[in-house]
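Go ahead and model the full structure; you've got the sequences and the hints to work with.
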Amino acid sequence: MTLITILLVAIVIFTSRYLFLEGKLPLRLGTNARDFLSFSGPAVLTAICMPIVLVKDEQLNIAISNPYLGAAIVSIIAAWKTGNIYWTVGLGLLVFIAYGSL
1 MTLITILLVA IVIFTSRYLF LEGKLPLRLG TNARDFLSFS GPAVLTAICM
51 PIVLVKDEQL NIAISNPYLG AAIVSIIAAW KTGNIYWTVG LGLLVFIAYG
101 SL
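The sequence shown: position 3 = 3 (the UniProt record's numbering), numbered continuously.
Since the hints were derived computationally from the structure, they do not count as laboratory data. Using N, Cα and C, we set each Cβ at its ideal position, and we do this for glycine too. Warning: the hint list may mix true and false statements.
What the hints assert, rightly or not - Derived Cβ-Cβ restraints for the label pairs, each shown as a range:
| # | residue 1 | residue 2 | range |
| --- | --- | --- | --- |
| 1 | 28 | 59 | 46 to 52 Å |
| 2 | 79 | 34 | 19 to 25 Å |
| 3 | 27 | 102 | 53 to 59 Å |
| 4 | 89 | 47 | 38 to 44 Å |
| 5 | 94 | 29 | 37 to 43 Å |
Structure below.
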């Protein structure tokens, strides 16, 4: 039963990816759908990162001593101001390491 479920999920995922990525097929998304789907990447990234940044030992951790929160705030500002991935990651790592040495 588990193998059948895995195979069915694999078929569904492959089919959905193939329909949108194969250039020869006449299937195209409208502008509204493309605009709507443009938010899915940041939404998934936020859903993955926020529990790591804000939760420690199943408690909300928004203290100034939280190195994850400090690095995240600096990274957000660096990404907004510079638009450069290298500066963003570098400054975020620098702040995270600096918090760890305090």
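Enumerate the violated hints, using their earlier numbering and listing them in ascending order. 4
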